[in-house]
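There are 2 protein chains.
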Amino acid sequence: MIIVADNMQVTNPDVAEAISTRNPEPLEKLVKACIEAGADAIDINPGPLKKNAAEIMTFLVQTVRGVTPNTILLDTTSAPAIEAGLAASEGRAVINGFSLEPEKLVHILPLAKRFDADIIGYVLYPDSRVPTDETEFLEITLELLAEAEKAGIDPGKLIVDPVVAPLIWENGVAHNRSLLSFLGRLPELAGYPLRSAAGLSNLTTGRGASAEKKRLAERTFLPMMAAAGLSMVLMQVFRKEVVDTARACDVLTSPRTIFSWASLTVL
Amino acid sequence: MIIVADNMQVTNPDVAEAISTRNPEPLEKLVKACIEAGADAIDINPGPLKKNAAEIMTFLVQTVRGVTPNTILLDTTSAPAIEAGLAASEGRAVINGFSLEPEKLVHILPLAKRFDADIIGYVLYPDSRVPTDETEFLEITLELLAEAEKAGIDPGKLIVDPVVAPLIWENGVAHNRSLLSFLGRLPELAGYPLRSAAGLSNLTTGRGASAEKKRLAERTFLPMMAAAGLSMVLMQVFRKEVVDTARACDVLTSPRTIFSWASLTVL
Numbered sequence: 067m068i069i070v071a072d073n074m075q076v077t078n079p080d081v082a083e084a085i086s087t088r089n090p091e092p093l094e095k096l097v098k099a100c101i102e103a104g105a106d107a108i109d110i111n112p113g114p115l116k117k118n119a120a121e122i123m124t125f126l127v128q129t130v131r132g133v134t135p136n137t138i139l140l141d142t143t144s145a146p147a148i149e150a151g152l153a154a155s156e157g158r159a160v161i162n163g164f165s166l167e168p169e170k171l172v173h174i175l176p177l178a179k180r181f182d183a184d185i186i187g188y189v190l191y192p193d194s195r196v197p198t199d200e201t202e203f204l205e206i207t208l209e210l211l212a213e214a215e216k217a218g219i220d221p222g223k224l225i226v227d228p229v230v231a232p233l234i235w236e237n238g239v240a241h242n243r244s245l246l247s248f249l250g251r252l253p254e255l256a257g258y259p260l261r262s263a264a265g266l267s268n269l270t271t272g273r274g275a276s277a278e279k280k281r282l283a284e285r286t287f288l289p290m291m292a293a294a295g296l297s298m299v300l301m302q303v304f305r306k307e308v309v310d311t312a313r314a315c316d317v318l319t320s321p322r323t324i325f326s327w328a329s330l331t332v333l
Numbered sequence: 067m068i069i070v071a072d073n074m075q076v077t078n079p080d081v082a083e084a085i086s087t088r089n090p091e092p093l094e095k096l097v098k099a100c101i102e103a104g105a106d107a108i109d110i111n112p113g114p115l116k117k118n119a120a121e122i123m124t125f126l127v128q129t130v131r132g133v134t135p136n137t138i139l140l141d142t143t144s145a146p147a148i149e150a151g152l153a154a155s156e157g158r159a160v161i162n163g164f165s166l167e168p169e170k171l172v173h174i175l176p177l178a179k180r181f182d183a184d185i186i187g188y189v190l191y192p193d194s195r196v197p198t199d200e201t202e203f204l205e206i207t208l209e210l211l212a213e214a215e216k217a218g219i220d221p222g223k224l225i226v227d228p229v230v231a232p233l234i235w236e237n238g239v240a241h242n243r244s245l246l247s248f249l250g251r252l253p254e255l256a257g258y259p260l261r262s263a264a265g266l267s268n269l270t271t272g273r274g275a276s277a278e279k280k281r282l283a284e285r286t287f288l289p290m291m292a293a294a295g296l297s298m299v300l301m302q303v304f305r306k307e308v309v310d311t312a313r314a315c316d317v318l319t320s321p322r323t324i325f326s327w328a329s330l331t332v333l
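The listed protein sequences correspond, in order, to chains A and B.
This note's numbering numbers the first residue of the first sequence as 67 and each following residue consecutively.
This note's numbering numbers the first residue of the second sequence as 67 and each following residue consecutively.
Chain A extracted, bound-state conformation:
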């Protein structure tokens, strides 16, 4: 399972400040810390970027690239920002992402073709509603695959994100149960090992719980997704016990591991 740090987001005041002052130093420090904490890839989430979108994303991608050759995820709804990010990333960038929302199909999806880039497709209705059962997850996924095909994109470039629901949502638990069944049936549905991604932080979003309870929920749900075949998890990588869990998931689900306790790291 690829661990993607989603720590670099504009909702973090230090990141917002560094972006608005174009100060690379705190961002470089953050990226280094993420890599040390176990990140295989870095998600750059500068928000929707109404002004200076391309220039800001170029600044951010160059800043990350100055620290690491690891994969970058371009996490914004701004097509110009994604385009600039793809140009600046020297390959190894993933578009994060598109959905059936017409705006995204028109402006974001074609960038995957143009830059031959991987792209994450959100399993959401065009109006951003979430599906409620396994059948709905499957139907939307087929539409994402059809749209990608229409846009001339190699299906191997697609990564689906079934969108983890916050537990505090009225149907959050039921949604996440359906998500697990869906992940388990994905290879059969696609007829090839279609990759999947999930944002774990969504699970415990909101107030009303201690950090300890949130980590417990995250480190319990992650192995469930891993066993169902999840390929990529977006998470806050400074949550050590959750990173340990992600690595342990790899060891326990590996089709080829000759087990050794040394392969299980407690970071």
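Treat the hints with caution; some may be incorrect.
Since the list gives no way to pick out one identical chain from another, each pair is judged satisfied if it fits inside one copy or across any two copies.
Computed list of lysine to any residue pairs in SDA-like fashion (alpha-carbon distance at most 20 angstroms, straight line) [said to hold, decoys possible]:
#	residue 1	residue 2
1	LYS306	ALA283
2	LYS98	ALA212
3	LYS279	LYS306
4	LYS223	THR271
5	LYS306	ARG281
6	LYS279	SER320
7	LYS279	ILE324
8	LYS306	ILE101
To be clear, the hints were calculated from the coordinates, so they are not data collected in a lab.
From a predicted model like this one, the values you see are computed outputs, not experimental measurements.
Put chain B on the given structure of chain A with help from the hints.
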């Protein structure tokens, strides 16, 4: 998921000492502590019991019953001990267990019929070899079901235990992966919600790893089994983070929960 404490076993020197001196006090203390730690049921494992089998099991069951009305698992290969345990347990005892081994089919399986008791069936070949892939798990389970039927036992009384493999076994990881697929297909195979049990301590048996790594492996594998539908886990209940995980599994896989953070306990 029912949490069964497997702490009361003869391999624990204090337990062995209490058994040989018929001293109930340390055992009562142990059972109380297990219940406080979150045990829903108590597994009594006095070993194979060559001498005084019935008398020892009667003593143990009465000792546990003096502390708690919770379900007792009678975990021994001695049929006379199981029989005595069933008689002493005032209902709510589970036979743990039988397999396709002829000795057990003849002497242990019929006790389930006679006492109308639940019985755990180990998914093992008659010579105690473990199955290696999902198909073998399924075939053995069908044989367990057939043997139970032949013995006149209501299939609803059967609980299958696919036997978690130690990670350090040559094929341990692969075996446990097959176990997960098997658990997921169990309801479809049986045509009804056939219950399952698994001994988590097996996973990390042996030397060569820190307690921290062992707990990491256990709390990572348990949610995988829970998502696949595991009904009952045998475990050392003084491993707090694993008990927390078992409870969190229940919350995350519940078909009916209206989620509240209060339902997630960090014991």
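Cross-check of the supplied hints:
1. In this assembly of identical chains, the alpha carbons of LYS306 and ALA283 lie at most 20 angstroms apart whether taken from the same copy (14 angstroms) or from different copies (15 angstroms).
2. When the C-alpha separation of LYS98 and ALA212 is checked against a cutoff of 20 angstroms, the pair qualifies neither within a copy, at 38 angstroms, nor between copies, at 59 angstroms.
3. Within a single copy, LYS279 and LYS306 get their C-alpha atoms as close as 14 angstroms, and across copies as close as 13 angstroms, so both meet the 20 angstroms cut-off.
4. Proximity of LYS223 and THR271 under a CA criterion of 20 angstroms is satisfied in neither setting, with 29 angstroms inside one chain copy and 42 angstroms between copies.
5. Taking CA atoms no more than 20 angstroms apart as the test, LYS306 paired with ARG281 passes in both settings, with 9 angstroms inside one copy and 15 angstroms between copies.
6. Taking the shortest Cα distances, LYS279 and SER320 sit within 20 angstroms of each other only across copies (17 angstroms), while inside one copy they are farther apart (28 angstroms).
7. Proximity of LYS279 and ILE324 under a CA criterion of 20 angstroms is satisfied inter-copy only: 17 angstroms between copies versus 33 angstroms inside one chain copy.
8. For the identical chains of this complex, LYS306 and ILE101 are intra-copy neighbours only, at 12 angstroms inside a copy versus 30 angstroms across copies, given an alpha-carbon limit of 20 angstroms.
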